[in-house]
Amino acid sequence: MHAKIIGLLGALLLLAACSSPPPEPPAGPPGPPGGAGGIGSRSIVPGSQQDLEATAGDRVFFAFDRSDITPESQQILTRQADWLRRYPNVTVTIEGHCDERGTREYNLALGERRAQAVKNVLVASGIPASRISTISYGKERPAVVGSTEEAHAQNRRAVTVVN
Amino acid sequence: MKRQCAILAGAVIAAFAILHSGGPVRAELRIDITSGKVEPMPIAIPALAGGAPNESQAGQDLAGVVSADLERSGLFRPLDPRSFIQNVSVFDIQPRFGDWRQINAQALVTGSVKTQGDGRLRVEFRLWDVFAEQQLTGYGYTTTQQNWRRIAHIIADEIYKRITGEEGYFDTRIVYISEAGSPEKRIKRLAIMDQDGANNRFLTDGRTLVLTPRFSPTSQEITYLSYANGSPRVYLFNIDTGQQEVVGDFPGMTFAPRFSPDGNRVVLSRAENGVSNLFALDLRTRRPTRLTDSQAIDTSPCFAPDGSKIVFNSDRGGSQQLYVMSAAGGDARRISFGSGKYGTPVWSPRGDLIAFTKIDSGSFFIGVMRPDGSGERLLTRDFLVEGPTWAPNGRVLMYFRQSPTDSRGHGGSVRLYSIDLTGSNQREVTTPQDASDPAWSPLLR
Chain E
1 MHAKIIGLLG ALLLLAACSS PPPEPPAGPP GPPGGAGGIG SRSIVPGSQQ DLEATAGDRV
61 FFAFDRSDIT PESQQILTRQ ADWLRRYPNV TVTIEGHCDE RGTREYNLAL GERRAQAVKN
121 VLVASGIPAS RISTISYGKE RPAVVGSTEE AHAQNRRAVT VVN
Chain R
1 MKRQCAILAG AVIAAFAILH SGGPVRAELR IDITSGKVEP MPIAIPALAG GAPNESQAGQ
61 DLAGVVSADL ERSGLFRPLD PRSFIQNVSV FDIQPRFGDW RQINAQALVT GSVKTQGDGR
121 LRVEFRLWDV FAEQQLTGYG YTTTQQNWRR IAHIIADEIY KRITGEEGYF DTRIVYISEA
181 GSPEKRIKRL AIMDQDGANN RFLTDGRTLV LTPRFSPTSQ EITYLSYANG SPRVYLFNID
241 TGQQEVVGDF PGMTFAPRFS PDGNRVVLSR AENGVSNLFA LDLRTRRPTR LTDSQAIDTS
301 PCFAPDGSKI VFNSDRGGSQ QLYVMSAAGG DARRISFGSG KYGTPVWSPR GDLIAFTKID
361 SGSFFIGVMR PDGSGERLLT RDFLVEGPTW APNGRVLMYF RQSPTDSRGH GGSVRLYSID
421 LTGSNQREVT TPQDASDPAW SPLLR
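Chains as they are written, first to last, in our numbering: chain E, 1 to 163; chain R, 1 to 445.
Hints may be right or wrong, so weigh each one.
To be verified - If you anchor each label on the Cβ, the simulated ranges turn out as follows: (1) Ser48/E to Ser407/R: 26 to 34 Å; (2) Asp352/R to Asn163/E: 47 to 55 Å; (3) Gly47/E to Gln433/R: 39 to 47 Å.
To be verified - So, partial list: chain E residues that the calculated Cβ filter (under 8 Å) puts toward chain R: (4) Ser43; (5) Arg104; (6) Glu105; (7) Tyr106; (8) Ala124; (9) Pro142; (10) Val145; (11) Glu149; (12) Ala151.
For the record, the hints were derived by calculation from the structure and aren't laboratory data. Everything numeric in this text was worked out from a predicted model, so none of it was measured. Here a beta-carbon is modelled for each residue, glycine too, at the ideal position from N, C-alpha and C.
All chains should be built: construct the whole structure from the sequences, respecting the hints.
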């Protein structure tokens, strides 16, 4: 229970950091290669992954062993839905991820549940389900290395990836 | 690679015969392995006698592998060959038991290696009770030269069986996931090796993420999860041919596969719309049967050895716990009631226990309980231990242990360990790279 509260606080802190524009990736270790790249002086291609990250934020975070969409996540997903409406030809894959503190197979299911929760919000915002696929990586692809609660909080995520 | 595999699998152990006449005599020499703390039995295993240089080399290698197997079981203490008084380089002579008593050997193994006219090896061994001055057992085997390690494991199994009264588990293999690279881009490959770590071989090239392999109880097949073509599905891998084939190709992710005891079905999870349910897939018809219909995560299913029931973990009650239901599906009964969460239940081949991973108060545990949930016992605790698998005799478990990682990526090593059912004799299993998700094969014979 205690760990859960800490986890939630950690996630909230991160969300606070992430939801204030511009949504650069959290400070500290860099995000996954190919995901958060392209920051710098290069111009951002409209409708690209970099555009999604800069305009809406590409990821939302979850509390330990949970898949609820927090109010902060809801805001990011509202911006993602707006962005997707602007680029009607773009399709995306929602990747669901977990921290390392669960069993492998359960985490695969939990990652799928998180991805689906994000998809449901986007569909409820009017984005056709046919534009959104989901995949779970369970605990196989952490964004941040480390066995700390800060790292775990950043790894409990669903990332919207432009196909 | 395929070729080597075919040779291994096809190398038949021909013509074995009990060397001593008359039925085996139940002697006093015996290890009771049901008690918690066992004093390892001192055993002398001199090199098997050989004439030609290649034969004496094989005799030495065979004795080395037999010694290592028995030593790792924690039940035997092979004595240092330098302490041996009698030279048993001639097989047929009677042991001078006094010489072996003097170095406190309770058991003695003698044997011989001969090359036959067809180039194959003839290996014979005898197990002696040093104090009763009596032969306990003895067998002979004929095999190809490359196959000598299997003969050593089979001999170790015979010794283990004669002394403990339990089936051995040395002539077995482990399929597992070999890991390398940084945590964010971990490269995972299917790998297979003998239970002692020898003959390691990679079955996939690492371009595709693969997880959770499990042996077929009846054929040279492995079922596992592969992210081939970017969609996680349950696959079959044929060890002899190297052929890979998707079997769980339904809408949504399929994962957590395990064979039924008769090898005809695979039970697995299918995730769709945020819920994961259990299905049994008939490998002959490829038709899936739904086993659970919950709005929860039902996963990590495993059949009872008689095929009548399935144990799995589910968060249908609010947290991840263990449940048992009929193999046909339907109502499930919760069996785990301790504090914390429970996952990865695996039914013992003997049917008497279920091993599991437990997560409680920030630690991971490997434990066992009876199929009705009573008698929970935790065998080991660490930062992260997960995924127990049973040796075919139900006496030893293997699992993986991951150490914590710091923010620079230091640490985070993942290794295989074996442990006795009593919680003693925890040993690392040597692998060339990091390793996880071990699955123990049945006895190869």
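- Query: Going by Cβ atoms only, is Tyr106/E closer than 8 Å to chain R?
  - Reply: Hint holds; Tyr106/E Cβ to chain R Cβ min 5 Å, cut 8 Å.
- With chain R as the partner, please determine if Val145/E meets the hint condition of a C-beta pair closer than 8 Å. Hint holds; Val145/E Cβ to chain R Cβ min 5 Å, cut 8 Å.
- Hinted contact Glu105/E with chain R - closest CB pair below 8 Å: holds (4 Å)
- Message: For the restraint on Glu149/E, tell me whether the closest CB of chain R is nearer than 8 Å.
- Response: Violated. Min distance 10 Å.
- If you take the shortest Cβ to Cβ gap from Pro142/E to chain R, is it below 8 Å? With Cβ-Cβ at 5 Å, under 8 Å, it holds.
- Return the status of the interface hint for Ser43/E: holds when the least beta-carbon distance to chain R is below 8 Å, violated otherwise. With a closest approach of 27 Å, the Ser43/E hint is violated.
- Hint check, Ala151/E versus chain R [nearest Cβ-Cβ separation less than 8 Å]: With Cβ-Cβ at 7 Å, under 8 Å, it holds.
- With respect to the beta-carbon atoms only, verify the hint that Gly47/E and Gln433/R lie 39 to 47 Å apart. holds (41 Å)
- Query: Does Ala124/E meet its interface restraint, that is, does its C-beta lie within less than 8 Å of any C-beta in chain R?
  - Reply: violated (14 Å)
- Satisfaction of the Arg104/E interface hint, Cβ to chain R closer than 8 Å: The hint holds - Arg104/E has a Cβ within 8 Å of chain R, the shortest such distance being about 6 Å.
- Query: Does 26 to 34 Å hold as the CB distance between Ser48/E and Ser407/R, or does it fail?
  - Reply: Once the Cβ atoms are compared, 29 Å apart, the range 26 to 34 Å for Ser407/R and Ser48/E holds.
- Message: I want to verify a distance hint. Is the separation of the beta carbons of Asp352/R and Asn163/E within 47 to 55 Å?
- Response: holds (50 Å)
Going down the numbered hints, you'll see the structure goes against 4, 8, 11, while the others check out.
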